[in-house]
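Visitor: Sequence:
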Amino acid sequence: MAKRRDSHSWNIVISLIIAFIVDRYLKTSSFLNNPKLHWRWKNVFISFTHAAIVSVCCLTSFYLTPKLTADMISTHTPLSHGTVALSAGYFLHDIVDMVVYDWSRKSLELLIHHVVILIAFSFPVLTYKSVGYMLVALLVEVNSIFLHFRQLLRIHKVDKKSSLYRLTSLLNLGTFIIFRIAALCWMTRWIVINKTQVPFFFYVLANIGLTTTTVMNIVLFYRCLKSDFICHANTSTTNVKLE
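Position 177, counted from 1, in the sequence shown is what full-length UniProt numbering calls 177; the numbers after and before it change by one each time, with no gaps.
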């Protein structure tokens, strides 16, 4: 058992190394003359790739192992556990990346969120407990696919009136409601009902993570709604171009 735990825990290290390798060699000629924007593009692209991979792994895990939805504390598979470990490695990379290249008061709230999430994810990786619950948390990555793709479109200055951008915006808000807001509500309900079934340490971490994530998601949803729909509607009416 100890050997198996150690081998799976290496997924964190492996995903971290892969992320740094991709970050090191991923380049686009569009922003080579703008280091800050080039870093931003790489950071978002890696996040987009992580979201796509993890979304497929999460949905596949629930499909192949329905018991994960019935027993979220004890049930786990190599795929489900590996998915959580992969995400832990990604968050660790993103923390280091932001500290080195984007350290500012503006990024502080995201750093705090990442640290809390990383600690919370480390628990199921090391103990093999509550893997199913953390997979539900990772369903937010389904929305992150469209959220990060939207960011890439904005970086490349794609017209907000284009069909691609408008479709992405609609899918972003739709999946935001389902995979972020609804999922967070369900997770909050589950952790309250099953308070006595999980370790107190994990219960506290889960509540801190849910609280910070909920606040950040409310702000993020408003910003997306305002930028893509409210301001867009005002722009169409007044013929004033807004960034």
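For the record, the hints were derived by calculation from the structure and aren't laboratory data. Any given hint could turn out to be false.
Derived EDC-like pairs: lysine to aspartate or glutamate, alpha-carbon spacing no greater than 16 Å straight-line [as the list claims (entries may be wrong)]:
{"hint": "1", "residue 1": "Lys157", "residue 2": "Asp228"}
{"hint": "2", "residue 1": "Lys160", "residue 2": "Asp228"}
{"hint": "3", "residue 1": "Lys161", "residue 2": "Asp71"}
{"hint": "4", "residue 1": "Lys36", "residue 2": "Glu109"}
{"hint": "5", "residue 1": "Lys42", "residue 2": "Asp102"}
{"hint": "6", "residue 1": "Lys195", "residue 2": "Asp97"}
{"hint": "7", "residue 1": "Lys42", "residue 2": "Glu109"}
Between beta-carbon pairs, the in silico distance windows are [what the hints assert, rightly or not]:
{"hint": "8", "residue 1": "Val158", "residue 2": "Ala70", "range": "21 to 29 Å"}
{"hint": "9", "residue 1": "Val100", "residue 2": "Ile208", "range": "20 to 28 Å"}
{"hint": "10", "residue 1": "Ser227", "residue 2": "Leu108", "range": "19 to 27 Å"}
{"hint": "11", "residue 1": "Val192", "residue 2": "Val158", "range": "41 to 49 Å"}
{"hint": "12", "residue 1": "Thr196", "residue 2": "Val96", "range": "21 to 29 Å"}
{"hint": "13", "residue 1": "Val100", "residue 2": "Thr214", "range": "39 to 47 Å"}
{"hint": "14", "residue 1": "Ile193", "residue 2": "Ser104", "range": "36 to 44 Å"}
The structure displayed is predicted, hence computed values, not measured ones. Built from N, CA and C at the ideal position, the CB exists for glycine as well.
Visitor: Output the numbers, in ascending order, of every earlier hint that fails for this structure.
Guide: 3, 4, 6, 7, 8, 12, 13
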